[in-house]
Structures are given as C-alpha cells and as structure tokens.
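Asks: First to last, the sequence lines map onto chains A and B.
The opening residue of the first sequence carries number 1 in the working numbering; numbering runs sequentially from there.
The opening residue of the second sequence carries number 1 in the working numbering; numbering runs sequentially from there.
No false leads were slipped in.
35 Å max Cα-Cα, derived DSBU-like pairs, lysine-lysine: (1) Lys-196/A x Lys-175/A; (2) Lys-97/B x Lys-171/A; (3) Lys-361/B x Lys-479/B; (4) Lys-69/B x Lys-146/A; (5) Lys-38/A x Lys-112/B; (6) Lys-447/B x Lys-146/A; (7) Lys-69/B x Lys-38/A; (8) Lys-112/B x Lys-171/A; (9) Lys-325/B x Lys-146/A; (10) Lys-402/B x Lys-175/A; (11) Lys-194/B x Lys-228/B; (12) Lys-224/B x Lys-325/B; (13) Lys-38/A x Lys-325/B.
It should be emphasised that the hints constitute simulated quantities derived from the structure, not laboratory data.
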Amino acid sequence: MKSSFVLWVVLFGLLLQQQAFALKVDRSLMSFSFQIEKHPIANTDDYSVGYFLVCSQSSQSLCQNLCQNSSSCLLNEDACEACISSSELNLFSLSADLRSVYQISKEQVNFIQLFQGFYNKSLMLMNANSIFNFLVDANDESALQKLQAEFNSLCPVSSGQSFLVVSSDPKSFMKLAYVICQTGSGNFIYQSEYSKEYDNN
Amino acid sequence: MKKSIFLLSLFFISTAKSEVLSYSNKNLCARQSAEPATNVYLLLDGFAPGRAALKRALDLKTDKSVFLKTAWAEFHKRGYFLSQKIIKNILAAKLPKIPDSLLAQCTSQIDKCPEVKQFVLEKWSLLENRSESVSGYQCTWVKKTIPNQFSTKIPNRSDLEQIALAYLDKNNYIDRCENILSISLQEQPDLMLKFSLPEFKSAEEGFQFWSQFKIYLSLVWGQKIKSKDFRFEDLSRSFSADELFTIMADGCKSISKPECSTDFLNTSQFREIIKKGKFENNYLMANEILKAEIKQAKDSFSEEGVQSLNDPSFDVRKQLLGTMKFRHQANYQLYLNLKKLKTIFNQKSEETLISDITSGKFSDSEKETLCAENNKFINQEISGFAKEITSASQIFAVYQDKDIVNLWEKSISLNLKLQSFCKDVDRNLKNKMLNPEELAPADKTKKWFNSVTQYSLPFNIQYENAQEQNLSSIPVYVKLGTDVLCSDALRCGRNIIESAVALYQVILFRKQVLSSTANEMNADKNLSATVACHIYDPWAPAQLRKKKLISDLISSVISGVTLLPIYLDLNFERPQVVSFKQLVENGNVKFDPVFNEDDVKKTLFLDLGPFAKAPCYLSLSNSQDLKLHQNRYVFSGITFQGCMKSAEGEMASDLLNLTDNKLKELSACGSCTLNFEEAALATVHSQYSVFRAGLRFFASLIYFLKDLDNPNSNPIEFQVDTAYVTETFKKYNSIPDKCVFELINGSQCMENLCVSKTVSEYERLSGNKVESASIWNSNGEVNSFQTISKDVWIKIKGCDGEFRIPITCEDNKKPSFIGIGNYLLKKKCSKESL
Chain A
1 MKSSFVLWVV LFGLLLQQQA FALKVDRSLM SFSFQIEKHP IANTDDYSVG YFLVCSQSSQ
61 SLCQNLCQNS SSCLLNEDAC EACISSSELN LFSLSADLRS VYQISKEQVN FIQLFQGFYN
121 KSLMLMNANS IFNFLVDAND ESALQKLQAE FNSLCPVSSG QSFLVVSSDP KSFMKLAYVI
181 CQTGSGNFIY QSEYSKEYDN N
Chain B
1 MKKSIFLLSL FFISTAKSEV LSYSNKNLCA RQSAEPATNV YLLLDGFAPG RAALKRALDL
61 KTDKSVFLKT AWAEFHKRGY FLSQKIIKNI LAAKLPKIPD SLLAQCTSQI DKCPEVKQFV
121 LEKWSLLENR SESVSGYQCT WVKKTIPNQF STKIPNRSDL EQIALAYLDK NNYIDRCENI
181 LSISLQEQPD LMLKFSLPEF KSAEEGFQFW SQFKIYLSLV WGQKIKSKDF RFEDLSRSFS
241 ADELFTIMAD GCKSISKPEC STDFLNTSQF REIIKKGKFE NNYLMANEIL KAEIKQAKDS
301 FSEEGVQSLN DPSFDVRKQL LGTMKFRHQA NYQLYLNLKK LKTIFNQKSE ETLISDITSG
361 KFSDSEKETL CAENNKFINQ EISGFAKEIT SASQIFAVYQ DKDIVNLWEK SISLNLKLQS
421 FCKDVDRNLK NKMLNPEELA PADKTKKWFN SVTQYSLPFN IQYENAQEQN LSSIPVYVKL
481 GTDVLCSDAL RCGRNIIESA VALYQVILFR KQVLSSTANE MNADKNLSAT VACHIYDPWA
541 PAQLRKKKLI SDLISSVISG VTLLPIYLDL NFERPQVVSF KQLVENGNVK FDPVFNEDDV
601 KKTLFLDLGP FAKAPCYLSL SNSQDLKLHQ NRYVFSGITF QGCMKSAEGE MASDLLNLTD
661 NKLKELSACG SCTLNFEEAA LATVHSQYSV FRAGLRFFAS LIYFLKDLDN PNSNPIEFQV
721 DTAYVTETFK KYNSIPDKCV FELINGSQCM ENLCVSKTVS EYERLSGNKV ESASIWNSNG
781 EVNSFQTISK DVWIKIKGCD GEFRIPITCE DNKKPSFIGI GNYLLKKKCS KESL
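The following block holds chain A by itself, in its conformation from the complex (with noise of 0.2 Å):
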C-alpha cells in the first residue's frame, strides 16, 4: 500500500509542478483542489472532533490514494496521545511569537509533500480553536478571535480560516511546518520556516 502510495505521489507530483507553475499566473485554477473542514467523526459517540481532507470531483484521486475514500479522509484528530503539555516550548511560539519566529515562503508549495506527512503522521493539523493550543483560553472569546487572526495574517492572501501544520515528530514537536489558507477560490499552502532574525540556518 505505502509503495503504491510513493509512486503515486510521484506520479501526481510531476503533473503537480506543471499546475503550481502555472498557478503562478492564475491563481482561482487552485480552486480544483480541496477543501480543509474540521467537525465531528461520525460514527463515534465521544465527541471526537477531526480535522478532514474534503475532495471535489476534480482532487477524488487525491482522497482515494490517501484514505481509500473518494470523498473525505480524517486527517489527524483534535487529539493525541498524552502529548500536550507546556513543557513542549514550540506551544508557546505557535500562541504567543507566531509571526516573529516563523516567516512563511512566498510562493505556495505543491502539496504533495504536505499529503505525504499526513500520510506518514509527521504532520497535524491544528487550527486556533484546537485543544492543543492549551495556553490559550477559550472562554475568552477575543483572545481566539485574536489567535485566529493571528493565524490568518500568516497568509500572503486573504483567508478567512486558515490551518497550521504543526510537526507531530518527538524531535521537533508543533513547530510550525505549512500554513493552509482557505480563500473564497480555494486554497493556498505555504511553507513555514523560522525567520531569519530568529535563526539564520
């Protein structure tokens, strides 16, 4: 399964580049892709909450190769294993230092690495509402308004809800490796990586 997964990947990632060249000129053709959701697991009574990968008809193939499922695959839960704790120091970047630690790549990356991570579980997606931002209180309204903001301002266009994909590797826990900004006509997916101010390397 995993090896037909690769050669898929590469298959789709050649064609991939041709499209993301041509992205350049005219963004609204991102629109064919997919689209981020986060709501409830059916067929679960303990109010689990997932992040989900929803596929239109033109991206089915995507859906398919990654879940089995044409229409909708659970990417990562809004949950982990014991994993959430302050002792984890990239939590406090990702809701207090977001923009001066990480800057974003200018131009958007293809998505297949991306896919690749949920594939393999490197990667999680989390958004300003997510329980693994513990530090910030949900009871106040205007902080996650603020957070999400926060989140939203990452992307070079305007996003009305926008996704961190944090790291879920034990080496490099939640730091910030994609930010996916959902627009009107479609999404975008950056690339994250420490600010040059912040690290050089």
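Assemble the complex: chain A is given as a structure, and chain B must be docked to it using the hints.
Replies: Relative to the frame of chain A, chain B by itself:
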C-alpha cells in the same frame, strides 16, 4: 514548633472505633521520613481538560457550561479508574517492575523512551478487566479538606472543635472513591484522592512502588480505554500526566527516597517557591537550597514550643494546584530566554559582540555594571555563584535538547572572553575607589544579580526592572519582530548573562519542570531533606545538645551565611579577602571567651573540612559612603556583612568607615563569613560528604541552642480519636479546655487522664461502651513523686453494677499499667444488644 498530623486509620468505616488522627512530634516525623509513604494524596487538576472542553464545546456548538462540567466529571472518573487500577495491579504483582536497564536509557522525559513505553503498554494490555482486590488498600475521595488535615501542629481547643464539627458533617468532607464513577456533572475542576496502602515489606520496595506508579500512570494515560463507561477521553488523555497529576505523601513519610542531592532537595524547595508566588520573580539558586529546612530545624527549638504555628489554614489544595502554575511559568521562562539567546547569537557572532562591547563608547558605570555581572556569573575567584554554575554544563548535557546546551555554552564562552576586558575595568574602578568622590553613581544591576548576591549582603541593591521596549523609541542592536532585544552590544552582553541564569534556574528544577510524569511534592511537615542532609538527626541529638553557641549564629544560618563564633581582631585599612584558616594562623581570629579556644578550633576544622579554606568575604558595608557604591564592592568580591564591636562590647552594624581613625580602635565582629554558596555548590561539585560536613556544622550550631529538656529529642506520637472528640463536643457544645489534654492523648474527656485512658483502652479492647467511671486511690495516699496504684470503677452500658480495673498511674499522665481482667474484656451484657 512544627508538628505533624496524618490520618492513620481508615476513613469511612463506621464502627464504634471510628478514626484516629495521628500527630507525630518532630523527632518521630524525622524518623518516619526515611520510610516510604503508605498514605498518599493524588490531586487531579482539571484546568487543562477544562480549557479543552470549552474549545470542544465551541466546535460542537453545544452548551459550554454543561459540557464543561461533564468533561470534569469524566476526567475525574478516568483519573480515579486508571490510578486505582495501576495501584492495585502493582500491589498484586500483575504490573511488573520496569527493568532498570530500560530506565537507564531514559532522561527525565519518560514518554520519549520507546522501549519503556513498549514494555509498559504491553504489560498493561495483558491485564484482565476484572478488578483486583488487594487487602489493606483503601481509597478516599476528599471532597473538602478536613480541618487540621494538613496542619503541622498538634491541635488545640479550637482545632478540636473544628474536627468535631467536620466529623459530625462527615459526608460533606469525605466519600467513597467508587462514588466518583457515578457522578455525571462536576462543579469543581480538581479532584483529590487519598490512597491508603498496606505497609511495604521494605523501604526499597515502597519507593520502588511509587516510582512504578508514576511511570505506569503517565504512559497509560494517553491510551484510549474505549469503554462506554468513559467518555470525553480526548479531553483528558491528550494531556501529559505532568499537566494533570500531583502526588503528595500524607504525614511524615516520603514518596521518593530522600537523598542529599540537588534533585531531591529541589523537590522540597519547590513548595517554598510556590508559596512565594511567581517563578520568574524568584531566582532560587543552589545557595538557597535547604534554607527552609534549616529554618524548620531551628523552629523546632523555638521558645514558643508546641503552640507556635501561625499558619493553620494553609491551603494544600491551592498549593498543589500551584505546582501546575509553577511549571507553566518555569517553562515559559525557559522558552522566553532560549528565544532571546537564540536570536541574539543568530544575529551577532561572539566576535562581533566582543568587539562591539570593547570598542563601543560606553560610560564607566555602564561598563562597571556589565563587569560586575560578568564577575558574578563567571569569575570563580570571587563568586560562589560562578563556581556553582561550572557544573551546570554537565546538567545541561543530560537534557537532550541541543539548543539549550549550545546556547548555554555560547553564553559561557562569551563571558569568559570578556574577562580580560573586565579586569581592566576593575583595575580602573579600584583606583577610583581610593577617591570615592570620583565615582559616579552605579547603574542598576539586573534582578538575578541582586538575588544571587543578596544572601551575603545586609543591604538591598537596587535592580533594574525589565521593561518592554518599543521599536520606535530606541536604537536597535538586536530585534525579533517588533521586540527590541537589545539596544546596544553592552546591553546584549548583560541580557545574555541574564537569560543564561534563567536557563540555569529552570534546569536546576528540571525534576519538577521537565519531567513528564506526575508532579511530586512534599508536604510542609516532611523532613526528608532535613534528615537526608543530616541537618536534623533524630537519632543523634544526645551527643550534640550539650554544646552551646551564641544565638546570633542562628539568624546567620538562616540568612544563608554563617557567621563563625569568632571575632576578628583586625584593624584593616582596606578590604581584603582572606581565608578562615589564614585568619586563624595569623592569630587574627579571637574566639568568644565563653568557649574553650582549642576545642572550638578543633571542632570547627573538623566540621568545616575543606570549607576552612574557603575565602572569607570581608564586608565593609553599611556605612553611608559605601552604600553609594555598594555594587563595586560586591563585584570586587568584598561582599558581606560588617559589624563593629565597640569598646563597651556593643555590636554596631553601621559604623565602618575606613577613614575614621576612631574606629580603628574597634575590632570588626564575627565577620569572617562562610558563604553558604560555598557549601551548596559542593552538592554538585564534589562528593556530597563534603556538603554534609558543612551542613553538619550548621546543624550542630542549631543543636547547641536547647538541651535536655527539649521534648523533640524523643519520638512522641499524639493521637486524637475523632469519635471521642465529637462525643465531647456534643456533650458540652464545645470542647472545654480541661478536655484538650486527654483528647490529644487519644482518650475521652473524663475526670482525669488516668481515668479516660483506662476507659478508652477498655472500650478499644472490649468493644463495650462505658457509661461512667470514677477513680479511687487504693492505698489512700497521694504522692506525686511516686507511681501510685489506683482503681478505676466503670459502669458498662447495658450491664448492672460497677467493675474494678486496677491501674498504676500518676496524676495527669498516661497509666503505666492497666489491669483489665479477661472476664471484663469478654463481658457481654444482655441489655446492650437493645
């Protein structure tokens, strides 16, 4: 006087025997500290699950309030269920010991050890679903703290009244743990459980048990139980155990094996910080470790004796919750300072910083302040703190984060290279000191400097308050986003030291901050650190207590600096640093005439060992002149308290003035201080026997104070039978003063202790209830100096007539003999069953 209480018996067995609260005196408590705890409180903190629940409610667009209360209830159920299952299965040997070979591969973060995790989860999966029954195991749900439950003193009249009121209303205070499982909404985020376990076969086994418990709990916690009985699992299992659990031994016993090491000592230090408030406001260095313990040891000898505790309403729940706050604050400090160091070193290389500092146009006082801080941080010749942190590299290396190690090493390296620059600055300053009018006012030092130095100073140094700086108003040397991290190279240098010190702070508390297992905390009354480091030796007071020393010593021990019992006969013109040994050899040390000089000398050298060679920090402080330029003296290594002995023998602390001839006739008093920094750094530097030797010295000073009459020299246990307390309370509607003595001796309130103890003993052994009792001296003589044979006549409930119990008892003491006949013990009267 610190006393201890712990709940000994089972909480909710409603037999006539009810419950006995035990209070250990200090000596007993100290002895018990070496034993593993069998009564333990487990606090579940619902803060993180609560926040998660609010977010989940928002996602599900459901009512926040009900959802939150349900989430808390579910978190409590899960917490209770898993912790009791782990405890029972370890006791029943169904969950085996984790092999040392596996644990050896792990640092403090047990969840990042795949081998241990695999072992634990495999054993966990093999457990059967049925509940193990273990004899002697008991779990109590502590809904509300019972008055005096965590108090550290023997109860007085009003405490007994509170105990009575609580027990009359028992159901509001305690409940069966099983009942937690049937609660569907919880109003409170936190839950407190008390586990009572059977005695362990050996101390080793007991300490092992608690360590296993913590590891199993933290690794099993993240797993899904996948049972319909447990819902909302995401909201609790997603959090690491260190965010949720704190464990504390009840009474005087310990959870971890006490040892005289920094790691262990910090656990006890931890509660002091929590009491003080914010982590970042407390630079608590190794040199403050044990201060509280020493103070505690001192308190036990205070004049006020038994009644001297003024903190009865101490809120343990709050303190336990404080552990989480402490961790958040400490981790935030770690993050913040790593970020600063990383950014500065990212933008400026070491070479650039050094050249910008040394060639920059800075004022003398700016340079002097930087160098004062540099000296304190790195110059081992004059700073105990600098010695202390040399061992930090090893500590940092254990922590696997390369970033931290790297940034720490860069900070050290930079400061080492600044030393030659600072030597010039120092030389320049020393020259100016000869003409104090040339000195400009000193800059304010950083807060860490103030804190680290303060222990050896009798005055307060001014320190600089950290300020948020705005990009638009100041020059920028290093910035991150909109934050200006430093406006020039010199300030960058100072910020680097400050941040490095903060890293050191957190690493010093790594056991509390960076661990991913349940937090551990010692109760106030726990004396393990004190005993482990031989500050208090409950077994050996006899050989120490005949010595006498001046009481001034005590206050100096507590301030972290020990004044030796000597006077220095020095007419020094200029401050100088000399070692104690040197002073003795030069004949400069005069011993207090109340001591035999030879004996004191011998004792001191014996006790001090290597410390005798530690430099005395001569202080010339407190005169107005010096106060102005205090920082300069501080960094020149001439810190410390000075006082003068006048011709009349009076002590004065503010007379030193180098230029005043009159003062030359006086000798400086007790002024060779052994800086506590020197003692504390030995914990990590060399064998801790050295450390112990030093502490032994302090301890002996404490012991000199009081002699044979001290009740704490012997282990004593007081017991309060809650049934007797409530009974007395019901009878009088209060606790009469005359009853207190009997009640704290585990007896009923009756005519006198001889009677009440006899009756209580009879009731305990026979199960019968005594209606009334009276006492007769059998030989009719009263002689308070001899033990006396007496008869207690009791009327048993349900029986006709009175029965005699012969006793041997002095008035108002416990009987030394109670002769209860077998027939009386087995006495069953027909009316009783009605």
